[in-house]
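Number of protein chains: 4
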Amino acid sequence: MTTAIAPELSVSEWLNAAAPLTLAALRGRPVLLHAFQMLCPGCVSHGTPQTQRAHDMFKNTDLQVIGLHTVFEHHEAMKPVSLKAFVHENKLTFPIGVDTPGEDTPIPVTMASYGMRGTPTMILIRRNGTVYHHGFGQQDDMAVGAMIASVLTET
Amino acid sequence: MTTAIAPELSVSEWLNAAAPLTLAALRGRPVLLHAFQMLCPGCVSHGTPQTQRAHDMFKNTDLQVIGLHTVFEHHEAMKPVSLKAFVHENKLTFPIGVDTPGEDTPIPVTMASYGMRGTPTMILIRRNGTVYHHGFGQQDDMAVGAMIASVLTET
Amino acid sequence: MTTAIAPELSVSEWLNAAAPLTLAALRGRPVLLHAFQMLCPGCVSHGTPQTQRAHDMFKNTDLQVIGLHTVFEHHEAMKPVSLKAFVHENKLTFPIGVDTPGEDTPIPVTMASYGMRGTPTMILIRRNGTVYHHGFGQQDDMAVGAMIASVLTET
Amino acid sequence: MTTAIAPELSVSEWLNAAAPLTLAALRGRPVLLHAFQMLCPGCVSHGTPQTQRAHDMFKNTDLQVIGLHTVFEHHEAMKPVSLKAFVHENKLTFPIGVDTPGEDTPIPVTMASYGMRGTPTMILIRRNGTVYHHGFGQQDDMAVGAMIASVLTET
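Protein chains in written order, with the working numbering: chain A, 189 to 343; chain B, 189 to 343; chain C, 189 to 343; chain D, 189 to 343.
Note that these hints are calculated values from the structure, not bench results.
Heads up, a few of these hints could be off.
Pairs count within a copy or across copies, as identical chains cannot be separated in the list.
Dumping the calculated EDC-like pairs for lysine to aspartate or glutamate here, alpha-carbon to alpha-carbon at most 20 Å [stated by the list, open to error]:
id: 1; residue 1: LYS279; residue 2: GLU264
id: 2; residue 1: LYS272; residue 2: ASP328
id: 3; residue 1: LYS267; residue 2: ASP328
id: 4; residue 1: LYS267; residue 2: GLU291
id: 5; residue 1: LYS279; residue 2: GLU261
id: 6; residue 1: LYS272; residue 2: GLU196
Note that this is a predicted model, so its numbers are computed, not measured.
From just these sequences and the hints, can you work out the full model?
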């Protein structure tokens, strides 16, 4: 179990959010972070719809669901204008941040600071700001439900 | 929220169990009860495999998963000899009790005492013996994971 | 490509049929034969519903769909009384024959005469009585549609 | 049954093709046309993978499978640079043409000439150049297999 505080998000643009979100401001609430790319098949078929379902299922709790568009390949193909159409067509309603592009690297800033291996990646952050779960690839629905309920019951 | 203690199980025969199980003896542990019929299509396609996955996922917790064969129709078709083959073929490993047949009614005893409306039915019982969830029909995996984690964290 | 005539069915009892069916009487029409066991998980989840869909989809053609209950294990668990409940619960409407039990062998007669390796098995018979396809295990829907259309266009 | 010849394709750019394809040059062969948009959820989850499977399944026949990127909304989001990444990520190997953008209308040229209602649309063209099937929305795998086999057997 890690006791390090999860790195702050670095986001260049927000969708579905009235104002920028920060982990610092969310301290005290659990955060479900879904890192994805709009052209990653495993994200589109599984991870992103799963995240939307978690957003809907736990809407009456203080869980904060956040999408993070971590583009690390095909950058020209997945610009914000394309992401916005993707979000519209897939009826995504949770806040989504565009991970800040890296300098001298195809890997965006937040993706690098978390050491993510690819997309989709699910990161679940405790109320105290530490990482409870960091999972790469398809996550099981039942396990996701259990993990979220667990961090919600932590004080 | 009900505060009544869940009715005791009435079981005529156990599979996958070294000895009979009772809710009384399990007091202090949460119990996931899956009421099914081996020829109920919704049980076979969804409820029973989901219960097996819950059994596997929470094996390192003190959750007790129990199947209950609540035959209320086609009694001649779903006798214990058929149930045993079903359990073998579907590789079910959690304890399964045969609900005691009713007298002068097609509804078996435990099914009646819980007021179940049909199969599959999922009943989740708290450590203190009260019912946390009584759901008829298909249950969502994420919700099931969340409910189990919630009762596990109760003291 | 085999030119041998497919063996005649040996059936001890029919469901969903006003009178016994024979391949001899069906000569001139293509026949889709689905060999299954009611407690075979792959049959219940895939093969049997697929067969029902083929029966529905080609109802306006002269394809004859036939189910064959080829019990080769757990014989006591899958007697006709259980099969009838299974057929009712799963809303199967195509004719289903109970493969005649073998003597001195757990393998029923038709299953043996076709050299079937297990269940589910799909056998597609041409208008001229020869076997067009003999497939063990899960069959792809698109391929099944194509094979049926092919034998329907043969003269 | 229509006897009109299917309108010629109007394509501004081809992917997965050594040279432009035309229906005129393909006369004598059946053609499966899959009209899609890369950000249409029903295309991504069902229609496009189904088309790839048809391409693979009938590769030893003279069926020609063609994708047509019929962008009629979110034009800025689905430019060819994005389509190319989509094709790469989803491992699509059949030829795909970009439907020529319309003048004074969001509807591209081929989409309009066929009177398509949206995406996905599947159009199956006979050897003689007439339309055998024009289907909007999700197409059933078994029916698709049957239709393709039927047009393949036509002379």
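task: At 20 Å max between alpha carbons, let me know whether LYS279 reaches GLU264 within a copy, between copies, both or neither.
output: Between copies, since 19 Å is at most 20 Å while 23 Å is not.
query: Between LYS272 and GLU196, at a C-alpha cutoff of 20 Å, which is it: within one copy, between copies, both, or neither?
result: This pair counts as neither: shortest intra-copy Cα distance 23 Å, inter-copy 33 Å.
- request: Could you place LYS279 and GLU261 in one of the four classes (within, between, both, neither) given a Cα distance threshold of 20 Å?
  value: Cα proximity of LYS279 and GLU261: across copies only (15 Å, versus 24 Å in one copy).
- prompt: Should LYS267 paired with ASP328 be assigned to within, between, both, or neither, using CA atoms and 20 Å as the limit?
  reply: For LYS267 and ASP328, the Cα distance exceeds 20 Å both inside one copy (29 Å) and across copies (34 Å).
task: Using 20 Å as the alpha carbon limit, work out where LYS272 and ASP328 are close: within a copy, between copies, both or neither.
output: neither (27 Å within a copy, 29 Å between copies)
message: When Cα atoms must be at most 20 Å apart, do LYS267 and GLU291 count as within-copy, between-copy, both, or neither?
response: So LYS267 and GLU291 pass the 20 Å test inside one copy only (16 Å; across, 25 Å).
Taken one by one, the earlier hints fail for this structure at numbers 2, 3 and 6, listed in ascending order.
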